[in-house]
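Taken in sequence, the protein lines are chains G and V.
Position in the first sequence (first residue = 1) + 19 = the working numbering.
Position in the second sequence (first residue = 1) + 1 = the working numbering.
If you're looking for bench data, these hints aren't it; they were derived computationally from the structure.
Since this is a predicted model, take the numbers as computed values, not measurements.
Misleading hints may appear alongside valid ones.
[Claimed, not checked] Restricting the straight-line Cα-Cα distance to at most 25 angstroms, the calculated cross-link-like pairs of lysine-lysine (DSS-like) are: (1) K78(V) x K92(V); (2) K320(V) x K345(V); (3) K50(G) x K24(V); (4) K50(G) x K160(V); (5) K162(G) x K145(G); (6) K94(G) x K48(V); (7) K251(V) x K162(G); (8) K94(G) x K78(V); (9) K50(G) x K78(V); (10) K320(V) x K310(V); (11) K162(G) x K78(V); (12) K162(G) x K20(V); (13) K50(G) x K320(V); (14) K251(V) x K237(V).
[Stated by the list, open to error] Incomplete in silico selection of chain G near chain V, CB under 7 angstroms: (15) D36; (16) P40; (17) A107; (18) N148; (19) T151; (20) F163; (21) Q165; (22) E166.
Just so it is clear, CB atoms sit at the ideal spot from N, CA and C, and this is done for glycine as well.
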Amino acid sequence: MVIKGKVWRFGDDIDTDVIIPARYLNTSDPKELAAHCMEDADPEFARRVQPGEIIVAGNNFGCGSSREHAPLAIKAAGVSCVVAATFARIFFRNAFNIGLPILECAEAAREVKAGEELEINLEEGKITNLTTGRVYQATPFPKFMQELIAAGGLIPYVRSRLNRG
Amino acid sequence: MRMMAMTMTEKILAAHAGKEEVKPGELINARVDLVLGNDITAPVAIKEFARIGVDKVFDPEAIALVPDHFTPNKDIKSAEQAKMVREFAQKYGIVNYFEVGRMGIEHCLLPEQGLVGPGDLVIGADSHTCTYGALGAFSTGVGSTDMAAAMALGEVWLKVPPSIRFHYYGTLPPWVGGKDLILYTIGRIGVDGALYSAMEFTGEAVAALTMDDRFTMANMAIEAGAKNGIFPVDEKTLTYIEGRLKRSYKVYASDPEAEYAKEYEFDVSQLEPQVALPHLPENARPVSQVTDVRIDQVVIGSCTNGRMKDLREAAQLLKGKQVHPEVRLIVIPGTQEIYLQALKEGLISIFIEAGGVVSTPTCGPCLGGHMGILARGEKAVATTNRNFVGRMGHPESEVYLAGPAVAAASAVKGRIAHPEEVAGDGN
Numbered sequence: 020m021v022i023k024g025k026v027w028r029f030g031d032d033i034d035t036d037v038i039i040p041a042r043y044l045n046t047s048d049p050k051e052l053a054a055h056c057m058e059d060a061d062p063e064f065a066r067r068v069q070p071g072e073i074i075v076a077g078n079n080f081g082c083g084s085s086r087e088h089a090p091l092a093i094k095a096a097g098v099s100c101v102v103a104a105t106f107a108r109i110f111f112r113n114a115f116n117i118g119l120p121i122l123e124c125a126e127a128a129r130e131v132k133a134g135e136e137l138e139i140n141l142e143e144g145k146i147t148n149l150t151t152g153r154v155y156q157a158t159p160f161p162k163f164m165q166e167l168i169a170a171g172g173l174i175p176y177v178r179s180r181l182n183r184g
Numbered sequence: 002m003r004m005m006a007m008t009m010t011e012k013i014l015a016a017h018a019g020k021e022e023v024k025p026g027e028l029i030n031a032r033v034d035l036v037l038g039n040d041i042t043a044p045v046a047i048k049e050f051a052r053i054g055v056d057k058v059f060d061p062e063a064i065a066l067v068p069d070h071f072t073p074n075k076d077i078k079s080a081e082q083a084k085m086v087r088e089f090a091q092k093y094g095i096v097n098y099f100e101v102g103r104m105g106i107e108h109c110l111l112p113e114q115g116l117v118g119p120g121d122l123v124i125g126a127d128s129h130t131c132t133y134g135a136l137g138a139f140s141t142g143v144g145s146t147d148m149a150a151a152m153a154l155g156e157v158w159l160k161v162p163p164s165i166r167f168h169y170y171g172t173l174p175p176w177v178g179g180k181d182l183i184l185y186t187i188g189r190i191g192v193d194g195a196l197y198s199a200m201e202f203t204g205e206a207v208a209a210l211t212m213d214d215r216f217t218m219a220n221m222a223i224e225a226g227a228k229n230g231i232f233p234v235d236e237k238t239l240t241y242i243e244g245r246l247k248r249s250y251k252v253y254a255s256d257p258e259a260e261y262a263k264e265y266e267f268d269v270s271q272l273e274p275q276v277a278l279p280h281l282p283e284n285a286r287p288v289s290q291v292t293d294v295r296i297d298q299v300v301i302g303s304c305t306n307g308r309m310k311d312l313r314e315a316a317q318l319l320k321g322k323q324v325h326p327e328v329r330l331i332v333i334p335g336t337q338e339i340y341l342q343a344l345k346e347g348l349i350s351i352f353i354e355a356g357g358v359v360s361t362p363t364c365g366p367c368l369g370g371h372m373g374i375l376a377r378g379e380k381a382v383a384t385t386n387r388n389f390v391g392r393m394g395h396p397e398s399e400v401y402l403a404g405p406a407v408a409a410a411s412a413v414k415g416r417i418a419h420p421e422e423v424a425g426d427g428n
């Protein structure tokens, strides 16, 4: 799948409390969560983000709480992909499990600026900065994780495991 | 063939994956001994579980549901979430469902109730599930979808983490405990210093720690990005589980030749109590460097420091003293059992006579839920685990993380204070 979108830029150690503050966790409705996505880092984000746009961040994106509400909020806000230098491990799992595309690429995380336009080939992990012309290669995912993606996330994968008996 | 040397984390994972050995980086499907969820994460898991389309959970005794975050229900939406968890527990015959009045903060409650033991593999839809590593278990936080899958299959996919060894030697000075050791450690390695890794805590200084201190340290492994934190099993561990643990257990020890991705050694003899400044747990400083910070609130409790040793230490400093007139002290025992024990020991009287409030067990203010939310510009010293932007309330409020001794001393002084400033002082 190839996606194309404008970049929203965030720094290092973006925690899940910033992605979706706990004061909104009395619901798990993705639309309600999306309305407060990234609120404590950029109060304008949820209102201004357009479908298909891309988050680029530094190290340890999604650290802190295990709340799956964080990738759910990002996905429901319309974000098509998160590119970061590194991801915190629970966020990484959650993103895969719910089908939010993420890519690890330290170089892109260092160089890409807010407002630039990226084209991303998810299967190849190829990131093209359409604004600067620079091309980046993200870290490839292990085979098992590619299978998870191909299955459509963890739940369909579990369903097929159970059907196989 | 000679067996490969393994760390205790690797041995537990191998045993649960039905393998002779595992190596860091290897992806495995592992059997789980216990799956945990709370009133925030379980509702999402319950919805996902319904999508799987099975009519039973893999084992009704191996799932724990603990409504502890926004309970007793703080608003209608929270009440609906708690209700959803309660009804799921009834429908699927979940044995370890803990209702308000019998519950506690999940990571204080599960070990206390004997649901976790050495050698176990536990996953929980809560990042601080790593707490049970204090018992020599492999225990890690996952998301709600992982929880749903594990409730159906009794399995979880895991990548075997590399282990990092943290060796602490020397004698701990007075007022320095597990919280100070872990804040100091995170201060040295950073909030992603153990990303994806197992943190193995060893050495004479951790052997000298109480179980409550070890729970505190393992609890905050996630604050360094770790997958799990783990302690060797010793006499203290076995004494703790005696009479509690309801299942058989197995003790695993790291081989002397096991490989570690990194090894750190810390001399704790000169360590001061630590305080982590806003807005990351890695901003640890010796308390003496930050005693000019005036505060509005002190919270003593949470899955990190809501246990008996924490309450006793705080009470020792608060006995006969008064909380500073401009400070609100909120004490939250971790479980009903802890609450009752504190009552019997007279600790609750000490807190109330000092001018503090004592709450029923809840995660409450730690994550900015309820029971002590901060207004714009307010500052709190808290024995909790995170000081992120907006964690305890307004995005412009500030949380300073510390152990119970610093928190209690600060409540008396109205500013961040070294416990020595209050201990033995007539005030």
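Verification of the supplied hints:
1. Between K78(V) and K92(V) the alpha-carbon distance is near 21 angstroms, which keeps this suggested pair within the 25 angstroms criterion.
2. At most 25 angstroms may separate the alpha-carbon atoms for a hinted pair to count; K320(V) and K345(V) meet this at roughly 15 angstroms.
3. Of the pairs offered as hints, the one joining K50(G) and K24(V) is violated, with about 41 angstroms between alpha carbons and a cut-off of 25 angstroms exceeded.
4. With a CA separation close to 32 angstroms, the supplied pair K50(G) and K160(V) exceeds the 25 angstroms bound.
5. Taken as a hint, the K162(G) and K145(G) pair is honoured in the structure, with Cα atoms around 17 angstroms apart against an allowance of 25 angstroms.
6. Annotation: proposed proximity of K94(G) to K48(V) holds, straight-line Cα distance about 17 angstroms (limit 25 angstroms).
7. Straight-line distance between C-alpha atoms of K251(V) and K162(G) comes to about 33 angstroms, which puts the hinted pair past the 25 angstroms bound.
8. A distance of roughly 22 angstroms separates the Cα atoms of K94(G) and K78(V); the hinted pair therefore holds under the 25 angstroms criterion.
9. At most 25 angstroms may separate the alpha-carbon atoms for a hinted pair to count; K50(G) and K78(V) meet this at roughly 15 angstroms.
10. Of the supplied pair hints, the one linking K320(V) and K310(V) holds, its CA atoms being roughly 15 angstroms apart against a limit of 25 angstroms.
11. A C-alpha spacing of about 40 angstroms is found between K162(G) and K78(V), which places the hinted pair above 25 angstroms, so the restraint is violated.
12. For a cut-off of 25 angstroms, the pair hint linking K162(G) to K20(V) stands: about 20 angstroms separates their Cα positions.
13. Proximity of K50(G) to K320(V) is assessed by CA-CA distance (about 50 angstroms); at most 25 angstroms being required, the pair is judged violated.
14. A threshold of 25 angstroms between alpha carbons decides the hint, and for K251(V) with K237(V) the separation of about 15 angstroms falls inside it, so the pair holds.
15. Against a cut-off of 7 angstroms between C-beta atoms, the interface hint on D36(G) holds, since the closest Cβ of chain V lies about 4 angstroms away.
16. Here the hint on P40(G) is kept, as its CB sits about 5 angstroms from the closest CB of chain V, short of 7 angstroms.
17. The restraint placing A107(G) at the interface with chain V holds, with a minimum CB-CB distance near 6 angstroms, inside the 7 angstroms limit.
18. At its closest, the beta carbon of N148(G) sits 25 angstroms from a beta carbon of chain V; the interface hint therefore is violated under the 7 angstroms criterion.
19. Given hint, T151(G) at the interface with chain V, is violated; its Cβ is 28 angstroms from that chain's nearest Cβ, farther than 7 angstroms.
20. Interface restraint check: F163(G) against chain V, minimum CB-CB distance 5 angstroms, threshold 7 angstroms, status holds.
21. Hint on Q165(G) is violated. Least Cβ distance to chain V is approximately 11 angstroms, over the 7 angstroms limit.
22. The restraint placing E166(G) at the interface with chain V is violated, with a minimum CB-CB distance near 10 angstroms, outside the 7 angstroms limit.
Violated hints, in rising order: 3, 4, 7, 11, 13, 18, 19, 21, 22; the structure is consistent with all others.
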